[in-house]
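Colleague: These protein sequence lines map, in sequence, to chains L and U.
Numbering of the first sequence is given in our numbering, commencing with residue -5 and proceeding in unit increments.
Numbering of the second sequence is given in our numbering, commencing with residue -5 and proceeding in unit increments.
Possibly wrong hints are sitting among the right ones.
Copies of the same chain look alike in the list, so a pair counts if it works inside one copy or between any two.
With a straight-line cut-off of 20 Å between C-alpha atoms, the simulated SDA-like cross-links for lysine to any residue are [said to hold, decoys possible]:
| no. | residue 1 | residue 2 |
| --- | --- | --- |
| 1 | K220 | E311 |
| 2 | K306 | G24 |
| 3 | K222 | N95 |
| 4 | K210 | R90 |
| 5 | K326 | E283 |
| 6 | K306 | E26 |
| 7 | K306 | A358 |
| 8 | K306 | R23 |
| 9 | K117 | R23 |
| 10 | K227 | P322 |
Since the hints were derived computationally from the structure, they do not count as laboratory data.
Owing to the predicted nature of the structure, the values given are computational and were not obtained by experimental measurement.
2 protein chains.
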Amino acid sequence: MSVNLRIPGPTPCPDDVLQAMSRQMINHRGPEFAEIVGRITDGLKTLFETKNDVLTLTSAGTGAMESAVVNTLSPGDRALVVSIGVFGNRFADICRTYGVNVDTLDFEQGTAADPERVAEALKADATYKAVLVTHNETSTGVTNDLGAIAKAIRGVRPQILVLVDAISSLGSLPLPVDAWDLDVVLTGSQKGWMVPPGMAMVSVSKRAWEAIAATKSPRYYFDYTKAKSFLEKGQTPWTPAVSVYFAMDVALRTLLAEGLPRIHARHARIGQMTRDGVKALGLKLLADERVASNTVTAVRVPDGVDGAALNKLMRTEYNTVLAGGQGPLAGKIFRIGHLGLVTEADIRACLDALRLALPRVGFAPVAA
Amino acid sequence: MSVNLRIPGPTPCPDDVLQAMSRQMINHRGPEFAEIVGRITDGLKTLFETKNDVLTLTSAGTGAMESAVVNTLSPGDRALVVSIGVFGNRFADICRTYGVNVDTLDFEQGTAADPERVAEALKADATYKAVLVTHNETSTGVTNDLGAIAKAIRGVRPQILVLVDAISSLGSLPLPVDAWDLDVVLTGSQKGWMVPPGMAMVSVSKRAWEAIAATKSPRYYFDYTKAKSFLEKGQTPWTPAVSVYFAMDVALRTLLAEGLPRIHARHARIGQMTRDGVKALGLKLLADERVASNTVTAVRVPDGVDGAALNKLMRTEYNTVLAGGQGPLAGKIFRIGHLGLVTEADIRACLDALRLALPRVGFAPVAA
């Protein structure tokens, strides 16, 4: 029996994607790689719903977050970071590391950002050059209403830069980059894309490129201008994670054939099933259910239960790998990933395992 | 017939390494990954011949070069970059990008750095905090006498930081990190390690850690302190390229079983065979042969021959992929990679193909 890997990334990969990972190396400066990069870029543009440039980087998602900051913001620039958890805080930390003068607009863990309050913050201070926001907060299982937030932002500051961490949403949840007029939107291969980690993908708007031309932050490996100029010849500036490109090429074929409406419907259905199942066990969600994520569900560890012990028991005796809580939520929640390659049967198996494991760590689930 | 991939990275990978790339994902924060990271780190220490910390990053080699600079040098710091080609110049560019005040000591293309002149440069200016040097210059096929350079440096400045780009040498050519007292030494998985690109590996000395504690350059994704603290729990700070870790784990087993003396002897033998074969065709090496590299050979494109046309012909009709020249050497040389997984038969096939292809682009090789 294979492991039920229910963490919010790296996600399980389909067989044909894994097979592509084992292809022999090719010249990353040759015509075959150029074709692959071209095809990947086109496919990503379709799934990002954008005509903006889409660049690929060899890094984790955090590298892409750093790239968004260092390419568009200079030391001393003012930025507003909208944070609903660990990854929003990370965006703020990266800004501070590079000398960007940030204010954070924090919302309670488990809740989403209020678009009205974002608009108010922008009205109260005209000096912000950018708003940074997380689309789907992996640490709390909350999806921001990014469309409403983007609209609220543009209502106050039509030309401000909007930088979006869409690592655990894009390719799984609706995120029409151009319709929502988003400037830099970033994600990573190991999430809903069903590809092993190693590639980050970033869309860059015309407005962002204008900012980039004047940005003073130091950058070399993550320089978008170099990435764009090499992309024009079907290359990356630095040796790319070639195997991950092979795999993304295959995964995109599947995703494009399925199409965004069905991908989104599938994630919505599985997300709902997960939340319903968790509640049926008598467990409580961390997230306000109106904003609960369809890619990851955060569940409160019941009083008196050792969260680490539960996750260990699930892993060692029920073949099910859950994620723990991060930062201030360590030990207080566990998380179930349900993005990318996931079926109803996977979720059912996970819920069944929880039903058996919970009594062994001191919690009596509601009878099924 | 499979392609004879004779570029200096990505290099061909053994079957078991490629097979490892297609393993299903696991939790990068779980016990199995911790075991893998621990084993990789130990194996790398053996092959780096070091007791220093060895960190792994998800990036290309250039990312590791950037990491060496931003972790140890601050804006305004003085550094001496010893350059014998494109990659030495890249080290200097990265320094300048981060506001490091660099002097470059340049040596003519095809020659190695003179340890005496490095010592003189250090004697002439006591303000340098670091020397940055390329071990093996992939763009020209020259290996610096790094042992002699290190000795010359320490003779003048026992405590200066020595940062080494060993991307295309470590794991293929002798480079005893501790015996030569080198502070930061970096390489990439896609070179002699016989693993697909995506992982960079860096050793960090005690002296380097002392510098790092005071470094003011901004860094987040490439922060060594974060990498070290996560390594202590068998993790990486950001989601790693898990598949490349699987592959490195397998490749290191092979390399450790072969052992450094045999690995070095094999590269020396194949390097010599390549140079002898190239000369026997009547072609000229770019490198002064006394310092020619045993991982990559740069060959002058004969007068009147179109270098791009030769490489294209070799690729399309002789199944052999060569590298071109970079920067000022574009069109003037072609390069044959012979590091990692390469046999005498591969080199023979490459030389045979050249013997057939050269007359078709206007050069009559010497009869075999």
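Colleague: None of the hints should be skipped; say for each whether it holds.
Modeller: Structure-based check of all given hints:
Proximity of K220 to E311 under the C-alpha cut-off of 20 Å is found in neither arrangement, the shortest distances being 49 Å within a copy and 32 Å between copies. In this homomeric assembly, K306 and G24 come within 20 Å of each other (Cα to Cα) only across copies, at 10 Å, whereas the closest approach inside a single copy is 46 Å. Neither within a single protomer nor between protomers do K222 and N95 lie at most 20 Å apart by alpha-carbon distance, with minima of 28 Å and 28 Å respectively. In this homomeric assembly, K210 and R90 come within 20 Å of each other (Cα to Cα) both inside a single copy, at 15 Å, and across copies, at 13 Å.
Taking CA atoms no more than 20 Å apart as the test, K326 paired with E283 passes inside one copy only; the shortest distance there is 18 Å, against 64 Å between copies. In this homomeric assembly, K306 and E26 come within 20 Å of each other (Cα to Cα) only across copies, at 13 Å, whereas the closest approach inside a single copy is 45 Å. Taking the shortest alpha-carbon separations for K306 and A358, only the intra-copy value of 18 Å comes in at or below 20 Å, while the best inter-copy value is 69 Å. Proximity of K306 to R23 under the C-alpha cut-off of 20 Å is restricted to the inter-copy arrangement: shortest distance 12 Å between copies versus 45 Å within a copy.
For the identical chains of this complex, K117 and R23 are neighbours neither inside a copy (48 Å) nor across copies (42 Å), given an alpha-carbon limit of 20 Å. For a Cα distance limit of 20 Å, the shortest separation of K227 from P322 across copies, 19 Å, qualifies, whereas the shortest one inside one copy, 46 Å, does not.
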